[in-house]
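Q: Sequences are here, hints too, so could you generate the full structure?
Here is what each chain is made of, one letter per residue.
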Amino acid sequence: MKKVGISAAFAVLLVLGSMAPRVARQLRADQPTKPEMKLKVLDMAPDFKMQYFDGHDLKDVTLSEYRGKKNVVLAFYIFAFTGG
Amino acid sequence: MKAFQQNLQKLEAADTQVLGVSMDSPFANKAFADQIGVTFPLLSDWGGETTHKYGIYMDKFQAARRVNFLIGKDGKILEEQLDSAAIDPSKIVDACQRQTLKR
Chain A
1 MKKVGISAAF AVLLVLGSMA PRVARQLRAD QPTKPEMKLK VLDMAPDFKM
51 QYFDGHDLKD VTLSEYRGKK NVVLAFYIFA FTGG
Chain B
1 MKAFQQNLQK LEAADTQVLG VSMDSPFANK AFADQIGVTF PLLSDWGGET
51 THKYGIYMDK FQAARRVNFL IGKDGKILEE QLDSAAIDPS KIVDACQRQT
101 LKR
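Those protein sequence lines, which keep their order, are chains A and B. Under the working numbering, residue 84 is the last one in the first sequence; the count climbs by one each step, no gaps. Under the working numbering, residue 103 is the last one in the second sequence; the count climbs by one each step, no gaps.
In short, the hints are calculated from the structure, not lab data. Remember, predicted model here, so these are calculated numbers, not experimental data. Misleading hints may appear alongside valid ones.
Listed next, the in silico DSSO-like pairs over lysine-lysine satisfying Cα-Cα at most 30 Å (straight line) [what the hints assert, rightly or not]:
#1 K102(B) <-> K40(A)
#2 K2(B) <-> K70(A)
#3 K3(A) <-> K91(B)
#4 K91(B) <-> K2(B)
#5 K53(B) <-> K91(B)
#6 K34(A) <-> K3(A)
#7 K2(B) <-> K3(A)
#8 K3(A) <-> K102(B)
#9 K40(A) <-> K60(B)
#10 K34(A) <-> K60(B)
#11 K70(A) <-> K76(B)
#12 K102(B) <-> K34(A)
#13 K76(B) <-> K3(A)
#14 K10(B) <-> K60(B)
#15 K73(B) <-> K60(B)
#16 K69(A) <-> K60(B)
#17 K40(A) <-> K91(B)
#18 K10(B) <-> K3(A)
#19 K76(B) <-> K102(B)
#20 K10(B) <-> K59(A)
#21 K60(B) <-> K70(A)
#22 K49(A) <-> K91(B)
#23 K59(A) <-> K2(B)
#24 K60(B) <-> K49(A)
A: Structure, rendered in structure tokens:
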């Protein structure tokens, strides 16, 4: 009886073991992959024209106005009134 | 954005203009800037043209991904920080200070 129990347990382990790679693949597939960046370091940054409100007027800002003058940090955030 | 505000003096000293960008309206952005005490411009990419051009539009949120680009004076991208890594600006501050030292 004891012997049967052991072989049964062994069989279950074998079956589980053979499933593991498939389960692992499935789990990996479910993870959202981070999208590749279209623009890479050392690519030219595309010019843009956007506006902001300074409290009185809408002001235009272009990337090209900083060319040769300043570095620019463009910090994209998801929505106003969120953290980060 | 607050973290950039805290480092604004260092960044300005290193010849760097900080610009926040989102797809909110200019007026929502102004209210947001006032609320969190940000003094640099928060640009409105109303319609998402720039977000698409930079390849970081996320369908799921119908908004931009959280990304920082550091763009040099020659117009080339010098650094990219993505998602949670984009919250700490110290790498960008270091990179700007290195740019200043190079000259």
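Q: Hint by hint, note whether the structure agrees.
A: Status of the hints after comparison with the structure:
1. K102(B) <-> K40(A): Within the cut-off at roughly 22 Å; holds.
2. K2(B) <-> K70(A): 21 Å, holds
3. K3(A) <-> K91(B): 63 Å, violated
4. K91(B) <-> K2(B): Answer holds: K91(B) to K2(B) is near 15 Å, not above 30 Å.
5. K53(B) <-> K91(B): Holds, because 24 Å separates the two Cα atoms, which is no more than 30 Å.
6. K34(A) <-> K3(A): 50 Å, violated
7. K2(B) <-> K3(A): 67 Å, violated
8. K3(A) <-> K102(B): With a Cα-Cα distance of about 76 Å, the restraint between K3(A) and K102(B) is violated, given a limit of 30 Å.
9. K40(A) <-> K60(B): 23 Å, holds
10. K34(A) <-> K60(B): 13 Å, holds
11. K70(A) <-> K76(B): 12 Å, holds
12. K102(B) <-> K34(A): Violated. K102(B) to K34(A) sits at ~34 Å, over the 30 Å cutoff.
13. K76(B) <-> K3(A): Violated - the C-alpha atoms of K3(A) and K76(B) are around 71 Å apart, more than 30 Å.
14. K10(B) <-> K60(B): 35 Å, violated
15. K73(B) <-> K60(B): Not OK: K73(B) and K60(B) at ~33 Å, beyond 30 Å, violated.
16. K69(A) <-> K60(B): At roughly 37 Å apart (the allowed maximum being 30 Å), K60(B) and K69(A) break the hint.
17. K40(A) <-> K91(B): Measuring from Cα to Cα gives roughly 17 Å; hence the hint holds.
18. K10(B) <-> K3(A): It is violated: about 74 Å lies between the C-alpha atoms, which goes past 30 Å.
19. K76(B) <-> K102(B): 16 Å, holds
20. K10(B) <-> K59(A): 25 Å, holds
21. K60(B) <-> K70(A): Violated, at roughly 34 Å.
22. K49(A) <-> K91(B): Roughly 26 Å between the alpha carbons, so the hint for K49(A) and K91(B) holds.
23. K59(A) <-> K2(B): 22 Å, holds
24. K60(B) <-> K49(A): Measuring from Cα to Cα gives roughly 25 Å; hence the hint holds.
Figure legend: structure checked against the earlier numbered hints; hints not met, in rising order: 3, 6, 7, 8, 12, 13, 14, 15, 16, 18 and 21.
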